[in-house]
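Residues per chain, in single letters:
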Amino acid sequence: MNVFALLRWSYKEGLRSSAKYSTISSFQGSESRKYVPRRAVLYVPGSDERKLQKIPSLGADCIVLDCEDGVALSRKNEARSKIRHLLQSREIDFSGKDCSVRVNSVESGLCEEDLREVLSASHLPDTLHLPKVESPDHLDWFADKLKSTLRSHKTAEKMRLIIFTESAMSLLKLPAICQRGIELSEETPFVLDGVVFGSDDFCADIGATRTNEAKELLYARQYVVMVAKAFKLQAIDLVYIDYKDLEGLRIQSEEGAGMGFTGKQVIHPGQVEVVQAAFSPKPQKVEWARELVQAFEDHQQQGKGAFTFRGHMIDMPLLLQARNIIQMASVTSK
Amino acid sequence: MNVFALLRWSYKEGLRSSAKYSTISSFQGSESRKYVPRRAVLYVPGSDERKLQKIPSLGADCIVLDCEDGVALSRKNEARSKIRHLLQSREIDFSGKDCSVRVNSVESGLCEEDLREVLSASHLPDTLHLPKVESPDHLDWFADKLKSTLRSHKTAEKMRLIIFTESAMSLLKLPAICQRGIELSEETPFVLDGVVFGSDDFCADIGATRTNEAKELLYARQYVVMVAKAFKLQAIDLVYIDYKDLEGLRIQSEEGAGMGFTGKQVIHPGQVEVVQAAFSPKPQKVEWARELVQAFEDHQQQGKGAFTFRGHMIDMPLLLQARNIIQMASVTSK
Amino acid sequence: MNVFALLRWSYKEGLRSSAKYSTISSFQGSESRKYVPRRAVLYVPGSDERKLQKIPSLGADCIVLDCEDGVALSRKNEARSKIRHLLQSREIDFSGKDCSVRVNSVESGLCEEDLREVLSASHLPDTLHLPKVESPDHLDWFADKLKSTLRSHKTAEKMRLIIFTESAMSLLKLPAICQRGIELSEETPFVLDGVVFGSDDFCADIGATRTNEAKELLYARQYVVMVAKAFKLQAIDLVYIDYKDLEGLRIQSEEGAGMGFTGKQVIHPGQVEVVQAAFSPKPQKVEWARELVQAFEDHQQQGKGAFTFRGHMIDMPLLLQARNIIQMASVTSK
Chain A
32 MNVFALLRWS
42 YKEGLRSSAK
52 YSTISSFQGS
62 ESRKYVPRRA
72 VLYVPGSDER
82 KLQKIPSLGA
92 DCIVLDCEDG
102 VALSRKNEAR
112 SKIRHLLQSR
122 EIDFSGKDCS
132 VRVNSVESGL
142 CEEDLREVLS
152 ASHLPDTLHL
162 PKVESPDHLD
172 WFADKLKSTL
182 RSHKTAEKMR
192 LIIFTESAMS
202 LLKLPAICQR
212 GIELSEETPF
222 VLDGVVFGSD
232 DFCADIGATR
242 TNEAKELLYA
252 RQYVVMVAKA
262 FKLQAIDLVY
272 IDYKDLEGLR
282 IQSEEGAGMG
292 FTGKQVIHPG
302 QVEVVQAAFS
312 PKPQKVEWAR
322 ELVQAFEDHQ
332 QQGKGAFTFR
342 GHMIDMPLLL
352 QARNIIQMAS
362 VTSK
Chain B
32 MNVFALLRWS
42 YKEGLRSSAK
52 YSTISSFQGS
62 ESRKYVPRRA
72 VLYVPGSDER
82 KLQKIPSLGA
92 DCIVLDCEDG
102 VALSRKNEAR
112 SKIRHLLQSR
122 EIDFSGKDCS
132 VRVNSVESGL
142 CEEDLREVLS
152 ASHLPDTLHL
162 PKVESPDHLD
172 WFADKLKSTL
182 RSHKTAEKMR
192 LIIFTESAMS
202 LLKLPAICQR
212 GIELSEETPF
222 VLDGVVFGSD
232 DFCADIGATR
242 TNEAKELLYA
252 RQYVVMVAKA
262 FKLQAIDLVY
272 IDYKDLEGLR
282 IQSEEGAGMG
292 FTGKQVIHPG
302 QVEVVQAAFS
312 PKPQKVEWAR
322 ELVQAFEDHQ
332 QQGKGAFTFR
342 GHMIDMPLLL
352 QARNIIQMAS
362 VTSK
Chain C
32 MNVFALLRWS
42 YKEGLRSSAK
52 YSTISSFQGS
62 ESRKYVPRRA
72 VLYVPGSDER
82 KLQKIPSLGA
92 DCIVLDCEDG
102 VALSRKNEAR
112 SKIRHLLQSR
122 EIDFSGKDCS
132 VRVNSVESGL
142 CEEDLREVLS
152 ASHLPDTLHL
162 PKVESPDHLD
172 WFADKLKSTL
182 RSHKTAEKMR
192 LIIFTESAMS
202 LLKLPAICQR
212 GIELSEETPF
222 VLDGVVFGSD
232 DFCADIGATR
242 TNEAKELLYA
252 RQYVVMVAKA
262 FKLQAIDLVY
272 IDYKDLEGLR
282 IQSEEGAGMG
292 FTGKQVIHPG
302 QVEVVQAAFS
312 PKPQKVEWAR
322 ELVQAFEDHQ
332 QQGKGAFTFR
342 GHMIDMPLLL
352 QARNIIQMAS
362 VTSK
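So the sequences go chain by chain: A, B and C.
Take any residue in the first sequence, note its place counting from 1, add 31, and you have its number in our numbering.
Take any residue in the second sequence, note its place counting from 1, add 31, and you have its number in our numbering.
Take any residue in the third sequence, note its place counting from 1, add 31, and you have its number in our numbering.
What the hints contain is simulated information worked out from the structure, not anything from laboratory work.
Errors might be hidden in some of the hints.
Identical copies go unnamed one by one, so any copy, or any two together, can satisfy a pair.
Here are the simulated DSBU-like cross-link-like pairs (lysine-lysine), alpha carbons at most 35 Å apart as the crow flies [claimed, not checked]:
1) Lys189 x Lys65
2) Lys316 x Lys185
3) Lys275 x Lys82
4) Lys275 x Lys189
5) Lys176 x Lys313
6) Lys316 x Lys65
7) Lys189 x Lys85
8) Lys316 x Lys176
9) Lys275 x Lys316
10) Lys176 x Lys275
11) Lys246 x Lys178
12) Lys65 x Lys263
13) Lys275 x Lys178
Note that this is a predicted model, so its numbers are computed, not measured.
Taking the hints into account, I'd like the entire structure generated from these sequences.
Right, here's the structure in full:
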């Protein structure tokens with residue numbers, strides 16, 4: 032058995048044997064899905080025409096047209112119809128960006144109307160963001176509504192789904208929520224792609240007081256990363272509130288990237304550059320990844336059994352990590 | 032639908048839809064239950080007459096008449112009978128304080144006798160503290176014994192129950208323990224009201240070494256807060272052992288309050304003032320809460336759909352948080 | 032009931048009542064099993080003759096003859112046969128050390144061949160190390176293969192089993208994995224004895240970046256300790272990569288010991304001394320333990336009901352902790 036066969040075998044068996052969470056395999060297996068970088072996740076209120084017009088100049092990987100917290104209750108209809116128009120007309124250029132929409136939560140009573148109006152445009156967003164997911168049931172409800180909303184829609188590609196965890200109970204149930212999201216991805220118009228840690232609602236829920244250093248959130252942040260990564264999902268870190276303090280933002284962004292987060296929410300366009308730099312792969316990491324993949328391909332052709340690289344045995348997780356880094360580097364470099 | 036209806040709907044639906052933990056709703060729903068502050072939780076050995084007589088001068092929110100660790104095995108009977116006498120005679124004034132009793136653990140073999148003796152007084156304590164809860168089964172056992180003990184008792188009001196989590200296995204099972212406690216609150220003479228983190232036994236169990244900075248307990252503390260708050264329970268932080276170091280106590284108390292703990296155990300009357308200050312709502316927070324509730328009531332009367340306050344959309348969790356702060360402020364201010 | 036009876040009762044009842052995890056009792060109950068210290072866990076590649084010959088001079092408590100990451104794919108057979116020869120011939124003196132073998136993971140496709148070859152020696156290793164345990168199923172598979180491999184083997188004593196947790200999903204499932212390991216210990220040729228935190232693979236899996244301070248792993252480390260200790264297992268901490276930085280190693284080792292880890296992986300013989308010092312019981316702790324056990328035995332003989340020591344009520348966990356410290360001290364002192 033050559034190294035390629037071995038690694039491939041190891042990879043497949045690994046997935047097959049992951050018992051309870053067996054549905055991951057087919058999800059992960061779909062190598063056709065490309066990685067969508069979301070280093071900076073920037074919200075633009077759907078009701079704010081001035082801000083919507085600025086989208087082409089915003090450098091964030093992921094632009095979120097917001098129906099939720101950024102929009103007053105009295106202006107929900109306005110937001111929906113502006114977002115619908117924007118999707119329909121294609122007046123605004125999203126090229127190279129993840130064009131996404133945040134609907135209101137399942138419990139708000141506003142979500143169904145959001146879906147009906149926004150998704151009646153002939154062009155769908157790339158990604159949907161669902162806030163305040165409290166239980167697997169919320170995803171069942173959402174999948175159901177999404178299916179019936181899109182019944183008459185011809186969709187070429189599934190939309191990605193990003194879910195928010197923003198309360199103590201939601202964190203407690205996060206493994207079950209992700210598991211259900213992966214299962215539903217098989218049979219619904221969405222594919223679960225990431226988890227956002229909504230720290231402000233979480234702090235309000237547990238009665239914590241936010242600090243810039245965020246020591247009070249250390250467990251919650253590392254736990255969210257662990258659960259998200261266990262299901263091969265992106266993990267989006269908390270907002271840095273003090274948007275004028277770019278040095279504090281840099282420190283927190285690099286810390287989050289070091290913990291394993293793949294991106295970070297931003298509340299101001301001025302935060303984008305610092306954040307995206309922190310979540311971009313470092314040049315020496317990219318070089319390492321390119322050389323590793325090259326070495327792997329060389330060994331595969333020669334049919335050699337042994338495969339070490341820079342003194343380390345190379346296994347499938349490392350190879351996958353290297354490929355992600357290369358893809359991330361190619362997508363995020365201008 | 033006006034804002035009030037919407038928020039109310041959102042709140043109720045939220046509870047109803049929280050699937051597995053559905054029993055929370057009726058528990059939470061009982062708005063008649065008032066918030067009992069327990070900023071400082073002070074133990075007084077039931078066998079120590081001199082300390083018992085000092086109770087009126089102790090400023091702690093919560094006075095715990097102790098049958099457990101503060102009482103030698105040879106003096107358990109003495110402690111029970113002194114506590115019984117104290118409850119029966121009402122000689123000591125507990126006004127404004129949570130009058131509570133800590134019995135011995137389910138596994139000690141002493142708990143049933145504690146209940147039988149202490150609760151034979153015609154006046155019951157406000158709150159019972161149950162140490163070393165290791166599994167949901169312990170609560171079943173305790174509920175059972177409590178019911179049979181109180182069979183002939185005319186109780187106007189349920190007692191509150193505070194449980195202690197003090198071992199690795201107890202923390203591992205804490206979500207299931209809290210869930211069972213909430214369920215049992217429906218049908219037994221207690222209402223689960225809080226969780227105490229017993230750090231000394233926990234450290235002995237996992238072989239950790241206590242430091243004043245308590246970095247070795249960072250995960251355990253933040254996890255206990257998260258689980259307790261997921262079930263809308265109070266969370267009581269660890270003891271600061273070095274009772275002469277008031278500055279260290281202040282730092283740890285403020286850190287605990289910042290993490291979301293609602294109070295802290297104290298081992299010396301000299302610790303009460305520092306601790307209660309740290310767990311009291313800050314004046315500007317109280318002002319914010321009062322103005323928010325006022326704004327909510329104004330909007331409700333005018334039937335306006337939109338509701339923002341100081342630039343933020345106001346939702347039900349924030350409104351509830353504001354009400355708790357006001358209640359806490361009114362109860363704790365002298 | 033004298034103190035001994037009470038403590039014994041309390042201990043037994045405690046185990047019996049720990050409901051779901053009831054199989055722990057018989058496991059824990061076997062007081063015949065002695066504590067095997069593994070303060071420093073040192074890997075020696077099975078394929079490296081030069082390093083194998085150095086074993087007698089290596090001071091580490093636990094020597095791991097490695098078939099896994101330390102051995103290139105092309106040299107797996109060589110490693111297996113060298114390890115087999117070493118066990119068979121008893122040429123190398125392991126006295127006072129835990130003689131153990133790390134096989135390849137269940138998912139590697141190499142594990143069965145490792146077992147067949149290595150365990151065909153007439154002398155078995157004391158301990159087996161199983162890397163990359165991702166689910167309880169892995170342990171079922173491993174128990175099955177081990178049983179059939181040893182069918183014709185006359186084994187006087189069970190081998191100990193150390194499992195590695197090295198991915199996000201593995202950590203998420205760690206309670207279930209440990210529970211299954213304890214259950215399988217009843218009926219298989221292994222007894223689960225410890226958990227190793229494999230931080231490098233974990234970091235690769237979650238995309239974290241290792242730092243010497245390891246703040247990015249604070250949650251994972253403390254969680255692994257808590258789960259391991261909930262099942263009364265040893266917990267082995269991460270490798271300190273920079274093997275020339277002995278001061279950094281000392282700090283991290285003492286931090287790990289303070290968190291409750293019982294030992295630490297080392298990658299270089301030069302790390303052993305610092306690590307073993309950090310994980311050895313401090314002299315004043317040993318003195319405390321000896322006096323406590325003496326006091327306990329005195330009280331037991333006198334049949335006294337009360338039992339306090341240095342101002343603290345003594346319960347069974349403290350007594351057990353004291354005995355472990357004494358045993359550790361006697362085993363680890365030269």
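Are there hints from earlier that the structure breaks, and if so, what are their numbers? 2, 4, 5, 8, 10, 11, 13
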